[in-house]
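Trainee: If you read the sequences in order, they're chains G and Z.
Per our numbering: the first sequence = residues 9 to 188.
Per our numbering: the second sequence = residues 2 to 624.
It should be emphasised that the hints constitute simulated quantities derived from the structure, not laboratory data.
Be a bit skeptical, because a hint or two may be false.
Across the chosen pairs, the derived CB separations fall in these ranges [stated by the list, open to error]:
| # | chain 1 | residue 1 | chain 2 | residue 2 | range |
| --- | --- | --- | --- | --- | --- |
| 1 | G | 29 | Z | 353 | 43 to 51 Å |
| 2 | G | 178 | Z | 257 | 43 to 51 Å |
| 3 | Z | 96 | G | 96 | 41 to 49 Å |
Taking lysine-lysine and the DSSO-like style, the derived pairs with C-alpha atoms no more than 27 Å apart in a straight line are [to be verified]:
| # | chain 1 | residue 1 | chain 2 | residue 2 |
| --- | --- | --- | --- | --- |
| 4 | Z | 595 | G | 62 |
| 5 | G | 144 | Z | 412 |
| 6 | Z | 288 | Z | 314 |
| 7 | Z | 298 | Z | 309 |
| 8 | Z | 298 | Z | 288 |
| 9 | G | 124 | Z | 412 |
| 10 | G | 140 | Z | 334 |
| 11 | Z | 334 | Z | 314 |
| 12 | G | 124 | Z | 314 |
| 13 | Z | 553 | G | 80 |
| 14 | Z | 222 | Z | 298 |
| 15 | Z | 412 | Z | 314 |
| 16 | Z | 432 | G | 80 |
| 17 | Z | 616 | G | 62 |
| 18 | Z | 222 | G | 62 |
| 19 | G | 62 | Z | 553 |
| 20 | Z | 412 | G | 84 |
| 21 | Z | 573 | G | 62 |
| 22 | Z | 595 | Z | 573 |
| 23 | G | 124 | G | 62 |
| 24 | G | 84 | Z | 616 |
| 25 | G | 80 | Z | 334 |
| 26 | G | 140 | G | 62 |
| 27 | Z | 254 | Z | 298 |
| 28 | Z | 309 | G | 174 |
| 29 | G | 144 | G | 80 |
Ideal Cβ placement from N, Cα and C applies to all residues, glycine included.
Letter by letter, the chains look like this.
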Amino acid sequence: MTLFDLETVRQDFFSLFGLPRQQGIDADRLDALYREIQARVHPDKHAHLSDSDKRMAMQWATHVNEAYETLKDPLKRARYLLHLAGHDVRLETNTAMPTAFLVAQMELRESVVEAKDAGDVDALDTLLRRLKNEVKAEFDNLRVALDEGNLEHAGALVRQLMFQEKLLNEIDDALACLEG
Amino acid sequence: MALLQLSEPGESAAPHEHRLAVGIDLGTTNSLVATVRSGMSVVLHDDQGRPLLPSIVRYAADGAREVGYGAQVHQSLDPRNTIVSVKRFMGRGLKDIAHIETLPYDFIEGEGMVKLKTAQGVKSPVEVSADILRALRERAEASLGGQLTGAVITVPAYFDDAQRQATKDAARLAGLNVLRLLNEPTAAAIAYGLDNGAEGVYAVYDLGGGTFDISILRLSKGVFQVLSTGGDSALGGDDFDHRIFCWVSEQAKLSPLSHHDARLLQMRAREAKEFLTLNAEAPITAKLSTGEFVDLKLTTEIFKDITKTLVQKTLGPTRKALRDAGLSPDEIKGVVMVGGATRMPQIQQAVGEYFGQEPLNNLDPDKVVALGAATQANLLAGNRAAGDDWLLLDVIPLSLGIEIMGGLVEKIIPRNSTIPIARAQEFTTFKDGQVAMALQVVQGERELVSDCRSLAHFELRGIPPMVAGAARIRVTFQVDADGLLSVTAREQTTGHEARVEVKPSYGLSDDEITLMLKDGYNHASDDAFRRALREAQVEAQRLVEAVQSALKEDADLLSTLERAHVDSCLAKLQTVLIGDDRRAIDNAMDALSKATAEFAARRMNQSVQRALAGKKMEEMENL
Numbered sequence: 009m010t011l012f013d014l015e016t017v018r019q020d021f022f023s024l025f026g027l028p029r030q031q032g033i034d035a036d037r038l039d040a041l042y043r044e045i046q047a048r049v050h051p052d053k054h055a056h057l058s059d060s061d062k063r064m065a066m067q068w069a070t071h072v073n074e075a076y077e078t079l080k081d082p083l084k085r086a087r088y089l090l091h092l093a094g095h096d097v098r099l100e101t102n103t104a105m106p107t108a109f110l111v112a113q114m115e116l117r118e119s120v121v122e123a124k125d126a127g128d129v130d131a132l133d134t135l136l137r138r139l140k141n142e143v144k145a146e147f148d149n150l151r152v153a154l155d156e157g158n159l160e161h162a163g164a165l166v167r168q169l170m171f172q173e174k175l176l177n178e179i180d181d182a183l184a185c186l187e188g
Numbered sequence: 002m003a004l005l006q007l008s009e010p011g012e013s014a015a016p017h018e019h020r021l022a023v024g025i026d027l028g029t030t031n032s033l034v035a036t037v038r039s040g041m042s043v044v045l046h047d048d049q050g051r052p053l054l055p056s057i058v059r060y061a062a063d064g065a066r067e068v069g070y071g072a073q074v075h076q077s078l079d080p081r082n083t084i085v086s087v088k089r090f091m092g093r094g095l096k097d098i099a100h101i102e103t104l105p106y107d108f109i110e111g112e113g114m115v116k117l118k119t120a121q122g123v124k125s126p127v128e129v130s131a132d133i134l135r136a137l138r139e140r141a142e143a144s145l146g147g148q149l150t151g152a153v154i155t156v157p158a159y160f161d162d163a164q165r166q167a168t169k170d171a172a173r174l175a176g177l178n179v180l181r182l183l184n185e186p187t188a189a190a191i192a193y194g195l196d197n198g199a200e201g202v203y204a205v206y207d208l209g210g211g212t213f214d215i216s217i218l219r220l221s222k223g224v225f226q227v228l229s230t231g232g233d234s235a236l237g238g239d240d241f242d243h244r245i246f247c248w249v250s251e252q253a254k255l256s257p258l259s260h261h262d263a264r265l266l267q268m269r270a271r272e273a274k275e276f277l278t279l280n281a282e283a284p285i286t287a288k289l290s291t292g293e294f295v296d297l298k299l300t301t302e303i304f305k306d307i308t309k310t311l312v313q314k315t316l317g318p319t320r321k322a323l324r325d326a327g328l329s330p331d332e333i334k335g336v337v338m339v340g341g342a343t344r345m346p347q348i349q350q351a352v353g354e355y356f357g358q359e360p361l362n363n364l365d366p367d368k369v370v371a372l373g374a375a376t377q378a379n380l381l382a383g384n385r386a387a388g389d390d391w392l393l394l395d396v397i398p399l400s401l402g403i404e405i406m407g408g409l410v411e412k413i414i415p416r417n418s419t420i421p422i423a424r425a426q427e428f429t430t431f432k433d434g435q436v437a438m439a440l441q442v443v444q445g446e447r448e449l450v451s452d453c454r455s456l457a458h459f460e461l462r463g464i465p466p467m468v469a470g471a472a473r474i475r476v477t478f479q480v481d482a483d484g485l486l487s488v489t490a491r492e493q494t495t496g497h498e499a500r501v502e503v504k505p506s507y508g509l510s511d512d513e514i515t516l517m518l519k520d521g522y523n524h525a526s527d528d529a530f531r532r533a534l535r536e537a538q539v540e541a542q543r544l545v546e547a548v549q550s551a552l553k554e555d556a557d558l559l560s561t562l563e564r565a566h567v568d569s570c571l572a573k574l575q576t577v578l579i580g581d582d583r584r585a586i587d588n589a590m591d592a593l594s595k596a597t598a599e600f601a602a603r604r605m606n607q608s609v610q611r612a613l614a615g616k617k618m619e620e621m622e623n624l
């Protein structure tokens, strides 16, 4: 049996879960495997053992959590795939985006600010749902781009999605603020 | 997984020896201790058959120290020296404490945490909590007839790092080996889930005496996975009492109250609140030291009206927790109610309306947390029995971040991340030849440092002098399974390990704990010595058993040479552990741990490999 050590696994989260290295993922399988592996490595399963076992368990559990977080989230998963493929997304330096996209986003942002200032929870909820739907469609495009190996396009979509994700978080914060 | 009957790393404890472990619910109003007896979680009673221990400590002028009911009878006669609801002060500064003007104590601003001046000197909330925990430890040891291996202490899920650290310090001060800090709603979910064989997504609504938590969990095949948690660590039943107290003062047009009278009315307010659980109106009568007489009737309607905003305050975090979990109220299979304050009808009604279903009340809301904690303690101590193969995956309740330029916060670990978790961040110098830099770690959701809680100032020193921006300092933030943070740093370009000076804004250093423990044992140093020796022996015996059983299962993972080394370290430890040289035991344990580190790594790899193999076999079977 080949053993994989932490270092090897650290290089590829997909192989940790025995999943193919691609954007489309069997979420139920990931969930099940995550729980199965945690059930073996979690510190609670080693609490009464030696210090070296406990330390090891903590490192493993931490690593498995990181791998799971990365693969579970489609945007993180895509960024990770691009990283594995050696493609730099250039988040800081490449801020160019299609004009139509930017205009739509700015309009959306204005609506969010308006709804927030008016204390309109329902309007924020509607905007949240609308944006989520848009994001969902973008993710489908992203999956196709990654499957086809169109890394440049995938990188551009990732940048757009990060932009949208930030707006999603802002709506979320606005809702929390109004509810709090 | 029934197909592969593997022996798991966690199951290697010797089956015959039952280790004494307890779960402790250190509550704002009452505390409890529970244990697992013949496979059943039970609350341990005091010598008069009472399950609860009021979380009240009195430091009397004559030097007497009373905990629980003994202290409770003095709360209005000696309010300054009788500390109630101390949990509200844990890890908190003066400015954090609500209604401080109505509290009868002499507060002193301590370093990061308030302190209280009593007839027996200045006490920190940690020491007061330690006195409560010590009383529970003594109760448990008397009841179980032996020294405890360890304890699981529960904390509100929404407790931040400072409050958690303070709780852990208190437990250590009380002479307890802390197996785990466990979130209260999670403890309740364990008790509920295991009792009812529940599967699906559940919410736990936990309104205690001084804290509110809401946790959303997925229960699936023996795994309790917390999806999100939210709450308010300064909202609880006490606040409902306070609203009644204010209403009484207003209605009776009372002149400013003495501490004695204030405490008396607070007690009456609590009684009225409890009375209204089963009655439509509650009489409130009291004779004050001024000669004034209070005689009022509080109806359910008035009570509901004056506490409406408090009830609403619990729904905000509830919505947020659901949103964080990506769920809507109708996706929740059941709502488990925890904490004495959930007995209030208006709470039951509000929760029922929000989730669109009757809340689950088939557990004793006062005991369920302690019972769940006992189950977890039993497991962590290594008393694993058949059917005990469950696992808990909890989250960090509040984001961790660091201060960046301009007082802004950069989030390093977002809230609701599953723990344990680690994140690394790189920093650089901004001046030529800079050899040190200071970092501030904060916890909270706001964008400004001033709106978050400062956890610690870290000073990175020993950075090799370079031009500005050339140094690359990698700082790693690790949150362990207790939800506690630790930080390490390394300069990347030279590989130089920068010294991290941790200056927590709160908490006690190991030296302080040792000193306080020594003080506590000042007339019984022999006792302390024997206890420490016994602890080392128990620890050593456990290690011996763990290694022996690992060798029995996986000896093939070691070469002959490696095996010989492990065997010799093992033999050495077995020899010294029957003696009374504690240092020799510690050294031999260290040596054996080091000798088996690589072995442990290989065993873990093999175990993970088997998880994947098991999954594949399962799938092939399902074809």
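Trainee: For each hint given before, does the structure comply? Return the numbers of the non-compliant ones in rising order.
Mentor: 6, 13, 14, 16, 23, 26, 28
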